[in-house]
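Residue-level listing of the chains:
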Amino acid sequence: MLSSMLLGRYIPGNSVIHKLDPRAKIISVILFMIIVFFANHWIGYSLLILFVLTMTKLAGLSIRFLFNGLKLIFILLIFTFLMHIFLTKGGTVLIDGGFFTIESEGLITGIYITVRLIMLVVITTLMTLTTSPIELTDAIEKLCRPLKTVKVPVHEIAMMMSISLRFIPTLMDETEKIIKAQSARGSTFMTGNLKQRINALVPIFIPLFMSAFKRAEEMAIAMEVRGYQGDEGRTHYRLLSWETRDTIALFVLVLFGALLIFVRQ
Amino acid sequence: MISLKDIAFKYRAEEAYALDHISIPFNAGEWTSIIGHNGSGKSTLVKIIMGIVEEYEGEIYVDGELLTDENKQSLRRKFAIVFQNPDNQFVGATVEDDVAFGLENLGLERSEMIKRTEYALDLVNMLEFRSHEPHRLSGGQKQRVAIAGALAMQPEVLILDEATSMLDPAGRTEVLSILCRLHEQLDTTILYITHDLTEIERSDRVIVMNGGNIVGEGSVEEVYRDKELLEKSNLKVPYTAEISDALLDGSYMTHDELVMRL
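Line order of the protein sequences matches chains A and B. So the first sequence is residues 984 to 1248, counted in our numbering. So the second sequence is residues 28 to 289, counted in our numbering.
Note that these hints are calculated values from the structure, not bench results. We put the CB at the ideal spot given by N, CA and C, even for glycine. Check the hints yourself; a few may be wrong.
Stated by the list, open to error - For lysine-lysine, the following DSS-like pairs were computed, each having C-alpha atoms within a straight-line distance of at most 30 Å: (1) A/K1197 x B/K105; (2) A/K1125 x B/K142; (3) A/K1178 x A/K1002; (4) B/K105 x B/K254; (5) A/K1040 x A/K1054; (6) A/K1197 x B/K99; (7) A/K1178 x A/K1163; (8) A/K1054 x A/K1072; (9) B/K259 x B/K32; (10) B/K74 x A/K1197; (11) A/K1002 x A/K1072; (12) A/K1197 x B/K263; (13) A/K1197 x B/K37; (14) B/K32 x B/K254; (15) A/K1002 x B/K142; (16) B/K99 x B/K32; (17) B/K263 x B/K37; (18) A/K1125 x A/K1178; (19) B/K142 x B/K37; (20) B/K263 x B/K74; (21) B/K259 x B/K37.
To be verified - Per the computed footprint, the stretches of chain B lying under chain A, defined by three or more beta-carbons under 8 Å from a beta-carbon of chain A, are: (22) 107-117; (23) 190-201.
Bound-form chain A, shown alone:
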């Protein structure tokens, strides 16, 4: 299940969406979060679904692949759906089960809200699937640059993010090694009640933290001897370039938002 999980993963590719400037993608996702709320009846929602499906196709990803990868999230969304069905009242009574009733208003809001959430999840996943983590951090650094004037350490935060991302696979390997080492000493992680299982994690986390601290120290030294002194006087090897297609992409999104407002009732 975890290996097919798509949240936060990056799949290299060559599609139009992949080629967009990461800043354009971040801005689009934020815009989309607003646009989603313009839809208020079935035409709007159908347009939303259509739009998201088109984007998926443009990113060169299959819908089934995306669906499989997000299954876990969808299961969570079913709860939201059920909550609305049972708790939102109004309209005609569809099912009267004695101690509970399902009313039409509840069913409709349930469907709408769930669709809205699914679309948000899919569009943000599309962004992370088509943008490498380092591009995302670069883009966040660039977009947040104005915050520097109010003393937010934008560069340092971006640096921390990119180093953490870079260490995820390393620490994963390490965790695996520690689990094996502890299993070899007779630890069991998969049996017992919840409390026992949580306790069994302690001998994994303590060595993991120890090594993470050691790594952090060595990393800091390695960065220092390579002349790292923060943002001051530093140039950038990676360049983000805003092309016409990025402007077009944003424009298309704004038009789509306008269309949704137009079909509102």
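Here the structure of chain A is known, so what remains is to put chain B in place on it, guided by the hints.
Chain B in isolation, oriented as in the chain A frame:
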């Protein structure tokens, strides 16, 4: 090139000196190896040279200039170092980002960075891996990237602090052969710190350290043949040196020569 005068250093709360007033000159274009077992002071020495440890006694001269608080930033730019753990010195998200990291810190123009990155990666035969992420590389490849990152800074001295001790034999051979090529073709000054006697074969000069002191110094051959010194310093005489010694009554041969002879 670099000259250490009477360097002494004590870790806090410890009685004995980790480095006990030592003086060594390092010459330009030379491959100097410092060998010693754990705790002999060899890594402390590197820390002092690189400025990681700052409260030492004694003087360091770089190109004849005394290292002071004012000039240490600019003088230390002449050294670049590769550390032991390949994972913990990989800063960039990809190979080329990592090589460029030091150049970004120097504030170089982007075109210059691209040129230097390509050149350095080519020197260590890693150019084709330029867009790879670190977790897709072997230990030896990561260390080669680290060497490229150091070379891109165009240092006058390349320092390697146990740079091969976490690698498998294949990775170790990879790294050593790159170093040999750099030393032969570009005359790179190398300061090589290790505890493994088999790795010093190519060096021009060997310094043996024990207990914070320099206990021996000489050519590879001289060090290999001084069994008493090696034993006192807790170092293991390489297998090949022992064979050549036993077979050829004391005359020293390198690994390759020995193989040829046999």
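Structure-based check of all given hints:
1. A/K1197 x B/K105: Answer holds: A/K1197 to B/K105 is near 27 Å, not above 30 Å.
2. A/K1125 x B/K142: Cα-Cα ~25 Å, so holds.
3. A/K1178 x A/K1002: violated, 48 Å
4. B/K105 x B/K254: violated, 36 Å
5. A/K1040 x A/K1054: Holds, at about 19 Å.
6. A/K1197 x B/K99: holds, 26 Å
7. A/K1178 x A/K1163: The given pair, whose Cα atoms are some 21 Å apart, holds under the 30 Å limit.
8. A/K1054 x A/K1072: This hinted pair holds, its Cα atoms lying about 29 Å apart.
9. B/K259 x B/K32: Distance ~25 Å between B/K259 and B/K32 Cα, so the pair holds.
10. B/K74 x A/K1197: Status holds; Cα separation ~16 Å.
11. A/K1002 x A/K1072: Given that 30 Å is the threshold and the Cα spacing comes to 46 Å, the pair is violated.
12. A/K1197 x B/K263: Within the cut-off at roughly 29 Å; holds.
13. A/K1197 x B/K37: Holds, at roughly 22 Å.
14. B/K32 x B/K254: holds, 28 Å
15. A/K1002 x B/K142: holds, 25 Å
16. B/K99 x B/K32: holds, 16 Å
17. B/K263 x B/K37: holds, 27 Å
18. A/K1125 x A/K1178: violated, 45 Å
19. B/K142 x B/K37: It is violated: about 43 Å lies between the C-alpha atoms, which goes past 30 Å.
20. B/K263 x B/K74: Satisfied, since the Cα-Cα distance of roughly 25 Å is no more than 30 Å.
21. B/K259 x B/K37: holds, 23 Å
22. 107-117: holds (count 8)
23. 190-201: violated (count 0)
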